[in-house]
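Just need the whole structure built from these sequences, with the hints factored in.
In short: position in the sequence shown from 1, add 1, done, that's the numbering used here.
In case anyone wonders, no lab produced these hints; they're calculated from the structure.
No residue lacks a Cβ here, since even glycine has one placed at the ideal position from N, Cα and C.
There's no promise every hint is true.
[What the hints assert, rightly or not] Label-pair restraints from in silico Cβ distances: (1) ALA39 x TRP167: 33 to 41 angstroms; (2) LYS171 x ILE76: 45 to 53 angstroms; (3) SER213 x ASP85: 23 to 31 angstroms; (4) LEU174 x CYS215: 33 to 41 angstroms; (5) LEU44 x ASN135: 41 to 49 angstroms; (6) ASP66 x GLY134: 45 to 53 angstroms; (7) GLU109 x SER233: 21 to 29 angstroms; (8) ASP85 x GLU221: 42 to 50 angstroms; (9) ARG183 x GLU109: 39 to 47 angstroms; (10) LEU174 x ARG212: 48 to 56 angstroms; (11) ILE61 x ARG212: 26 to 34 angstroms; (12) SER233 x ALA119: 19 to 27 angstroms; (13) HIS154 x ASN224: 25 to 33 angstroms.
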Amino acid sequence: IIHQGIHKFVIPYLVDRKRIDWPAVSDKTLDLAKRQFAFSKALKYRQPGVAKSHHDDYCILTEHDRGEDVPTETIDKIYSEVVDCLNGSVFQKEIIPFVEGQKGYYAEKNLSHKYEGAQISAVADLIFTRQSGNIAIVDWKYEQDYSFGDHKHQVALYGWILQHSWNIRKPELIELYEVQLREGRIVRHDFNASVMEELEDLMFQSIHEIRSLCEDHKYENQNINDFEFARSGNSC
Numbered sequence: 002i003i004h005q006g007i008h009k010f011v012i013p014y015l016v017d018r019k020r021i022d023w024p025a026v027s028d029k030t031l032d033l034a035k036r037q038f039a040f041s042k043a044l045k046y047r048q049p050g051v052a053k054s055h056h057d058d059y060c061i062l063t064e065h066d067r068g069e070d071v072p073t074e075t076i077d078k079i080y081s082e083v084v085d086c087l088n089g090s091v092f093q094k095e096i097i098p099f100v101e102g103q104k105g106y107y108a109e110k111n112l113s114h115k116y117e118g119a120q121i122s123a124v125a126d127l128i129f130t131r132q133s134g135n136i137a138i139v140d141w142k143y144e145q146d147y148s149f150g151d152h153k154h155q156v157a158l159y160g161w162i163l164q165h166s167w168n169i170r171k172p173e174l175i176e177l178y179e180v181q182l183r184e185g186r187i188v189r190h191d192f193n194a195s196v197m198e199e200l201e202d203l204m205f206q207s208i209h210e211i212r213s214l215c216e217d218h219k220y221e222n223q224n225i226n227d228f229e230f231a232r233s234g235n236s237c
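As structure tokens, then:
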């Protein structure tokens with residue numbers, strides 16, 4: 002929800018170089034959250050022809066899909082956290098100054114490029130051009146799980162796809178940032194030939210591991226018992 006609020010209601014102010022109306026941003030984001038909850042509760046995602054890509058209200062909550070109720074206090078806590086984040090001084094006074102006054106903003110930008118015969122796709126939270134001419138990629142993080150360290154591989158992948166698909170001359174012209182919204186922490190990750198080489202090794206290994214397990218990739222030909230359980234709740 003916070004990602005969507007930034008994308009839909011904050012970035013347009015930055016593009017137009019206007020002063021941000023924070024109460025309006027907060028109200029619109031909260032309204033979106035409530036509409037999405039109502040959409041899920043009414044099971045509208047089961048209706049024929051309803052597609053996520055064409056519907057801002059689209060949302061599926063596991064509890065609703067199982068026929069369960071979501072406690073009111075749980076939802077109220079989420080709404081409160083959304084408002085606190087967007088209205089908080091950390092976001093408004095520490096993070097927004099970092100991204101405002103730039104040019105060429107792209108929010109929730111779809112990126113894609115082929116590698117080893119596989120289509121590598123990602124969605125970057127924010128891309129913009131800095132005054133120096135470098136391209137910056139920003140990845141918003143609200144809740145941080147430190148069990149696997151930071152997200153350097155994730156943002157490096159965004160940089161890798163961007164360099165190849167946008168034909169950027171060298172990786173050093175791309176700046177990668179992980180922004181912790183709750184803490185106001187802005188972490189810049191290295192992006193150079195060494196990082197690219199490490200990332201490509203990881204991609205190569207991952208792609209061929211997937212192929213060795215999935216063969217023709219068709220779901221109907223897979224046996225769930227051939228696969229291990231994920232070692233972490235963070236794993237897809």
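Evaluated hints:
Checked against the hint of 33 to 41 angstroms, the C-beta distance between ALA39 and TRP167 comes to roughly 39 angstroms, which is consistent with it. At about 47 angstroms, the beta-carbon gap between LYS171 and ILE76 stays in the expected band of 45 to 53 angstroms. With their beta carbons about 46 angstroms apart, SER213 and ASP85 fall outside the hinted range of 23 to 31 angstroms. The hint said 33 to 41 angstroms for the Cβ distance between LEU174 and CYS215, and at roughly 36 angstroms that hint holds.
A beta carbon spacing of about 46 angstroms between LEU44 and ASN135 agrees with the range 41 to 49 angstroms that was offered as a hint. About 47 angstroms separates the C-beta atoms of ASP66 and GLY134, a value consistent with the hinted range of 45 to 53 angstroms. Between GLU109 and SER233, the C-beta spacing of about 26 angstroms keeps the proposed range 21 to 29 angstroms intact. Range check, ASP85 to GLU221: about 46 angstroms between beta-carbon atoms, so the 42 to 50 angstroms window is met.
Restraint check, ARG183 to GLU109: a C-beta distance of roughly 20 angstroms breaks the suggested window 39 to 47 angstroms. At roughly 33 angstroms, the beta-carbon separation of LEU174 and ARG212 lies outside the given 48 to 56 angstroms, and the hint is violated. The given range of 26 to 34 angstroms is respected by ILE61 and ARG212, whose C-beta atoms sit roughly 30 angstroms from each other. At roughly 23 angstroms, the beta carbons of SER233 and ALA119 sit within the given window of 19 to 27 angstroms.
Under the hint 25 to 33 angstroms, the C-beta atoms of HIS154 and ASN224, about 30 angstroms apart, fit the expected range.
Checked against the numbered hints listed earlier, the structure breaks hints 3, 9 and 10; every other hint is satisfied.
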